[in-house]
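As they're listed, the protein sequences go chains E and P. Counted the way our numbering counts, the first sequence spans residues 17 to 228. Counted the way our numbering counts, the second sequence spans residues 2 to 331.
There may be inaccurate statements among the hints.
What the hints assert, rightly or not - Only pairs whose alpha carbons sit at most 27 angstroms apart, straight line, appear in this in silico DSSO-like list of lysine-lysine: (1) E:K120 / E:K63; (2) E:K120 / E:K181; (3) P:K315 / P:K296; (4) E:K181 / P:K270; (5) E:K47 / E:K135; (6) E:K120 / P:K270; (7) P:K79 / E:K120; (8) E:K63 / P:K79; (9) P:K315 / P:K290; (10) P:K157 / P:K79; (11) P:K170 / P:K180; (12) E:K47 / E:K73; (13) E:K63 / E:K181; (14) P:K290 / E:K47; (15) P:K180 / P:K79; (16) E:K181 / P:K180; (17) P:K157 / E:K120; (18) P:K270 / P:K284; (19) P:K157 / E:K47; (20) E:K181 / E:K101; (21) E:K47 / P:K170; (22) P:K315 / E:K181; (23) E:K181 / P:K296; (24) E:K47 / P:K296; (25) P:K290 / E:K207; (26) E:K135 / E:K207; (27) E:K207 / E:K181; (28) E:K101 / E:K63.
Please keep in mind that the hints were generated in silico from the structure rather than gathered at the bench.
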Amino acid sequence: MKRSTLYPMLLYPMLVALVLCAAPPLISAAKIGATAPDFTGTASTGKTFHLSDYRGKYVVLEWHNNGCPFVRKQYNSGNMQRLQKQWTSQGVVWFTILSSAPGKQGYATAQEENDYLAKTQAAPTAALLDPTGEIGHLYDAKTSPQMIVINPQGIVIYDGAIDDKPTTDLNDVAGATNYVSLALQQAMAGKPVETSATRPYGCSVKYADATH
Amino acid sequence: MRNALRDGLCIETKMQGRSTSSVFYRALTCGAALLLCMASAHAEGTPIPHGTLELIARNQWIAAGHTLDLGLRFQLEKGWHIYWINPGDSGGPPRVEWQLPAGLAAGSIEWPAPRRLETGSIVDYGYEDRVLLIVPLHAAASLAAQQPVRLGAEVKLLVCSREMCIPGKAELSLTLPIKSQPPAADAQNLDARNHDARNHDARNHDARNDELFTATRRALPHPAPGNWRFSVADANDSFVLSANLGHRITQAVFFPLAESQIENAAPQKLLSVATGFRLTLRKSDRLLKPIARLKGVLVLSAEGSYLMDVPLSKPGAARSKAATVLESTQ
Numbered sequence: 017m018k019r020s021t022l023y024p025m026l027l028y029p030m031l032v033a034l035v036l037c038a039a040p041p042l043i044s045a046a047k048i049g050a051t052a053p054d055f056t057g058t059a060s061t062g063k064t065f066h067l068s069d070y071r072g073k074y075v076v077l078e079w080h081n082n083g084c085p086f087v088r089k090q091y092n093s094g095n096m097q098r099l100q101k102q103w104t105s106q107g108v109v110w111f112t113i114l115s116s117a118p119g120k121q122g123y124a125t126a127q128e129e130n131d132y133l134a135k136t137q138a139a140p141t142a143a144l145l146d147p148t149g150e151i152g153h154l155y156d157a158k159t160s161p162q163m164i165v166i167n168p169q170g171i172v173i174y175d176g177a178i179d180d181k182p183t184t185d186l187n188d189v190a191g192a193t194n195y196v197s198l199a200l201q202q203a204m205a206g207k208p209v210e211t212s213a214t215r216p217y218g219c220s221v222k223y224a225d226a227t228h
Numbered sequence: 002m003r004n005a006l007r008d009g010l011c012i013e014t015k016m017q018g019r020s021t022s023s024v025f026y027r028a029l030t031c032g033a034a035l036l037l038c039m040a041s042a043h044a045e046g047t048p049i050p051h052g053t054l055e056l057i058a059r060n061q062w063i064a065a066g067h068t069l070d071l072g073l074r075f076q077l078e079k080g081w082h083i084y085w086i087n088p089g090d091s092g093g094p095p096r097v098e099w100q101l102p103a104g105l106a107a108g109s110i111e112w113p114a115p116r117r118l119e120t121g122s123i124v125d126y127g128y129e130d131r132v133l134l135i136v137p138l139h140a141a142a143s144l145a146a147q148q149p150v151r152l153g154a155e156v157k158l159l160v161c162s163r164e165m166c167i168p169g170k171a172e173l174s175l176t177l178p179i180k181s182q183p184p185a186a187d188a189q190n191l192d193a194r195n196h197d198a199r200n201h202d203a204r205n206h207d208a209r210n211d212e213l214f215t216a217t218r219r220a221l222p223h224p225a226p227g228n229w230r231f232s233v234a235d236a237n238d239s240f241v242l243s244a245n246l247g248h249r250i251t252q253a254v255f256f257p258l259a260e261s262q263i264e265n266a267a268p269q270k271l272l273s274v275a276t277g278f279r280l281t282l283r284k285s286d287r288l289l290k291p292i293a294r295l296k297g298v299l300v301l302s303a304e305g306s307y308l309m310d311v312p313l314s315k316p317g318a319a320r321s322k323a324a325t326v327l328e329s330t331q
């Protein structure tokens with residue numbers, strides 16, 4: 017009897033230790049060719065989205081900051097909205113992610129973001145509010161508009177800039193090579209993605225100040 | 002806009018002066034306001050977001066067949082920055098479009114060594130406070146002496162703080178005479194003696210500009226001395242830059258010229274050795290193809306900044322001489 021009561025007392029700390037040791041490292045940034053880390057995000061509509069629910073579909077992640085001149089170039093020219101419509105109409109899931117902390121450029125409340133989406137006629141699947149920067153850090157997102165493309169197997173096939181013109185000039189949208197479209201076209205045609213990593217030009221993601 | 006604001010402020014200050022009853026205070030306030038307005042009118046640049054920008058020249062003339070240093074002088078408010086040619090993780094460098102008369106051609110910006118601007122997991126390369134970006138202006142030998150010509154520059158830039166980024170645009174211009182050859186020193190002195198007191202201020206201003214250009218040029222990254230030896234080894238997830246300078250180095254920072262070669266935010270691990278140093282630079286996750294050369298600027302705090310263009314040692318091949326020397330001296 018005495019032994020059996022002792023067991024759970026020893027077992028629990030041992031179990032806890034085992035789980036702690038076996039747990040994967042907390043920071044596992046997205047790597048090209050590796051599985052995209054799962055996340056749960058709350059949209060500006062209040063709906064919850066899990067990345068893992070979209071296995072079998074292409075997923076685009078777009079880091080957003082509505083005040084960033086590089087982002088404004090894409091939205092004021094209508095290019096980002098065009099891309100969102102073009103690809104979601106072909107079954108691609110498109111998440112716009114707002115990782116700005118409260119008080120910083122690009123932060124928006126749910127209402128403000130809904131107003132912005134309506135005003136700009138943006139058409140992502142959802143705009144996910146990430147004021148703690150959890151999703152941003154999970155993907156090591158450095159800039160807005162940084163773009164990530166995930167294939168139906170859940171593998172990151174593109175991570176980087178939206179196009180090859182790292183400027184804030186509206187006139188540069190027309191002649192630019194769009195890396196997101198290129199990656200989706202090539203992958204959908206069963207070809208390898210030629211350009212799978214570029215420098216994600218833009219404004220730095222305005223994360224909450226580090227507390228650690 | 003800032004000029005209008007300043008003028009408005011001047012008028013307002015003067016009007017307040019008039020409303021005071023005491024003649025003495027009125028005179029004092031008016032005088033102070035006038036002085037303030039005059040002072041601010043001098044050395045005032047074109048407003049850019051959270052700062053000013055001014056186009057200046059080293060000399061107040063252009064000499065046919067010679068090169069004149071022009072400069073974009075930035076002054077930024079505390080907490081705001083602009084970017085180096087490789088901005089690092091985010092941002093972008095200023096871009097200039099010149100409007101120049103025939104026979105004049107602007108070269109590229111001569112970038113001073115930048116600073117690491119760190120915000121958590123994001124590291125940018127840029128400038129805070131004040132910086133002069135020198136652009137050489139080449140004048141054709143065939144240029145005839147003529148009346149002053151207008152040099153125009155449209156600068157598009159991004160000014161950022163930790164919290165936000167603001168795009169800016171500035172239309173700058175400078176009007177300078179063209180001479181068939183540089184004025185001789187004697188002639189300049191003679192000129193100087195013949196000028197009145199107001200031009201004396203202008204000459205002082207020129208001298209200050211000259212000092213600024215000289216100091217900026219001196220601090221620009223230079224080619225490393227010929228007897229210094231560098232090598233770069235590919236070590237799995239890092240590049241190891243080894244330097245043999247013949248003396249110990251305790252501080253070194255490398256700024257890559259090409260984007261996506263090294264992880265900007267990764268700490269650069271320095272190993273100080275008797276003949277130099279070894280610096281470990283983590284490769285960028287985005288570097289998917291091997292590189293042939295590592296190019297950038299090396300800043301040694303005690304001795305200045307140097308242009309680096311070092312071929313990568315062949316993997317598996319014997320260590321380069323510099324690396325071997327380093328090894329043996331540790």
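These are the hints, each one checked on the structure:
As the CA atoms of K120 of chain E and K63 of chain E are separated by approximately 24 angstroms, the hinted pair is consistent with the 27 angstroms bound. Only pairs whose Cα atoms come within 27 angstroms are accepted, and K120 of chain E paired with K181 of chain E is accepted, the gap being roughly 26 angstroms. Proximity of K315 of chain P to K296 of chain P is assessed by CA-CA distance (about 16 angstroms); at most 27 angstroms being required, the pair is judged to hold. Simply put, K181 of chain E and K270 of chain P have alpha-carbon atoms about 33 angstroms apart, too far for the 27 angstroms limit, and the pair is violated.
For the hint linking K47 of chain E to K135 of chain E, the alpha-carbon distance of about 34 angstroms lies beyond 27 angstroms, and the restraint is violated. A distance of roughly 32 angstroms separates the Cα atoms of K120 of chain E and K270 of chain P; the hinted pair therefore is violated under the 27 angstroms criterion. Under the criterion of a C-alpha separation no larger than 27 angstroms, the hint pairing K79 of chain P with K120 of chain E is consistent with the structure, at around 17 angstroms. With a CA separation close to 41 angstroms, the supplied pair K63 of chain E and K79 of chain P exceeds the 27 angstroms bound.
Between K315 of chain P and K290 of chain P the alpha-carbon distance is near 15 angstroms, which keeps this suggested pair within the 27 angstroms criterion. Taking the CA atoms of K157 of chain P and K79 of chain P, the gap is about 21 angstroms. The hint holds against a cut of 27 angstroms. Simply put, K170 of chain P and K180 of chain P have alpha-carbon atoms about 32 angstroms apart, too far for the 27 angstroms limit, and the pair is violated. Taking the CA atoms of K47 of chain E and K73 of chain E, the gap is about 19 angstroms. The hint holds against a cut of 27 angstroms.
Between K63 of chain E and K181 of chain E the CA atoms are separated by roughly 34 angstroms; this puts the pair beyond 27 angstroms, and the hint is violated. For the hint pairing K290 of chain P with K47 of chain E, the CA-to-CA distance comes to about 15 angstroms; that is within 27 angstroms, so the pair holds. About 41 angstroms separates the Cα atoms of K180 of chain P and K79 of chain P, which puts this hinted pair outside 27 angstroms; it is violated. For the proposed pair K181 of chain E and K180 of chain P, the alpha carbon gap of about 41 angstroms is over 27 angstroms, so the pair is violated.
Of the pairs offered as hints, the one joining K157 of chain P and K120 of chain E holds, with about 24 angstroms between alpha carbons and a cut-off of 27 angstroms not exceeded. Simply put, K270 of chain P and K284 of chain P have alpha-carbon atoms about 13 angstroms apart, close enough for the 27 angstroms limit, and the pair holds. Straight-line distance between C-alpha atoms of K157 of chain P and K47 of chain E comes to about 34 angstroms, which puts the hinted pair past the 27 angstroms bound. For the suggested pair K181 of chain E and K101 of chain E, the alpha carbons sit about 22 angstroms apart, so the restraint of at most 27 angstroms is met.
The hinted pair formed by K47 of chain E and K170 of chain P fails the criterion: a straight-line CA distance of about 37 angstroms is larger than 27 angstroms. Restraint check for K315 of chain P and K181 of chain E: not satisfied, since their Cα atoms lie roughly 33 angstroms apart, outside the 27 angstroms limit. In summary, the hint linking K181 of chain E to K296 of chain P is supported, as the alpha carbons are separated by about 22 angstroms, within the 27 angstroms threshold. At most 27 angstroms may separate the alpha-carbon atoms for a hinted pair to count; K47 of chain E and K296 of chain P meet this at roughly 25 angstroms.
A hinted pair counts as satisfied when its Cα atoms are at most 27 angstroms apart, and K290 of chain P with K207 of chain E qualifies at roughly 19 angstroms. The suggested pairing of K135 of chain E with K207 of chain E is violated, with an alpha-carbon distance near 37 angstroms, which exceeds 27 angstroms. Of the pairs offered as hints, the one joining K207 of chain E and K181 of chain E holds, with about 24 angstroms between alpha carbons and a cut-off of 27 angstroms not exceeded. For a cut-off of 27 angstroms, the pair hint linking K101 of chain E to K63 of chain E stands: about 20 angstroms separates their Cα positions.
Hint violations for this structure: numbers 4, 5, 6, 8, 11, 13, 15, 16, 19, 21, 22 and 26, all remaining hints satisfied.
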